[in-house]
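Student: Model the placement of chain B on the given structure of chain A, informed by the hints.
Number of protein chains: 2
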Amino acid sequence: MNIHQYINEKIVKNSGNIKAEEQFFPTYRKTIEKNEIITHFGQIERKAYFLISGIIESSIEKDGEIRIIDFVFPNNFICSYTSFLLQTPSEIQTKAITDCEVEYFLKEDLEQAYKTSIVANQFGRYVTERLFISKLKRENNFLTKSAKEVYQNLIEERPEILQKIPVNKIAKYLGIHPESLSRIRAEIT
Amino acid sequence: MNIHQYINEKIVKNSGNIKAEEQFFPTYRKTIEKNEIITHFGQIERKAYFLISGIIESSIEKDGEIRIIDFVFPNNFICSYTSFLLQTPSEIQTKAITDCEVEYFLKEDLEQAYKTSIVANQFGRYVTERLFISKLKRENNFLTKSAKEVYQNLIEERPEILQKIPVNKIAKYLGIHPESLSRIRAEIT
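In order, the protein sequence lines correspond to chains A and B. Residue 159 in the numbering used here sits at position 157 of the first sequence, and the numbers go up by one each step. Residue 169 in the numbering used here sits at position 167 of the second sequence, and the numbers go up by one each step.
Here chain A stands alone, though its shape is the one from the complex:
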């Protein structure tokens, strides 16, 4: 799937009275190598990426230590979104953890489309709603669930993380030591 197909699938198909415009903003394709940093800490994010193949992680930093906040799989968007929206220095780093194929567009082109295109706005709203829902779920996890419960949720809801991400990275995502994760895994199976 590419961005245009995503918009047709998620937005245009579901809104009876709207006809797909051929292109809302220019998009570009790019290959990113494994371990390449896409957006650096402190960088102003000007691009939003759609992941066609591969896996990307986003992380934050405290006292030199990296905490992973998300793993992104194909057919999803990824960028440092607060930086992209506000044009402030990024508190997030995004990095390819496998070779990746992405399609991206520029903030200024999106802003231009937002001025005139209802579909572009529906698209931006839809993607942002999904991002919000996933962040609220994560807040809920932090406040009400143990690491074991969060891990059990991952098994049910995001099995691709368990299948495709190394254990040490899953531990960084859960905010626990790899040994604690091994213990949890032993308890569950």
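Hints were generated in silico from the structure; no laboratory data involved. Mixed in with the good hints, there may be bad ones.
It does not matter which identical chain is meant; a pair holds if it fits inside one copy or across any two.
[As the list claims (entries may be wrong)] Taking lysine-lysine pairs in the DSS-like style, the calculated list, with each CA pair at most 25 Å apart, reads:
1) 166 with 139
2) 97 with 147
3) 109 with 32
4) 15 with 139
Tutor: This is chain B only, laid out in the frame that chain A set:
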């Protein structure tokens, strides 16, 4: 400020080539008494509220214990947004902590406006972007900041919370005991 003024101020004024439509969806006014629950746990959220006066808190529950996740002040929107978007049972409770005056609209009227109005979509996108930014900031706080650092941020960024919210509720928001908050306050002043 009311919803129509909010849309004119935040959306229409900033988008050169768009003229304000008079009304995008019907809105209703309501008075809510102090301590009244607006949205209950498990309820399907059908309304989005704009707070004209008063203060509302939103919270989640674990093992019968309430954790406050936000305080909402006038000129902001509040609802159980995941429930509103997905029409799933609410994991969030919203409650008036003072007498409140609100304006609200219905999900079905908003969805109708989303189909045809670019301004309605710009509005929905703008509000959702702000909600996302605040949730990401909160995730960042959980992962990288101590309770003391989060409290110091509150002093700088949301002084109205310190001025208008009782200490025991601020402790519930920070996820610490009231005694720990007293210690932090003593250290800072």
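Student: So which of the earlier hints does this model not fit?
Tutor: Of the numbered hints given earlier, the structure breaks just one, which is hint 4.
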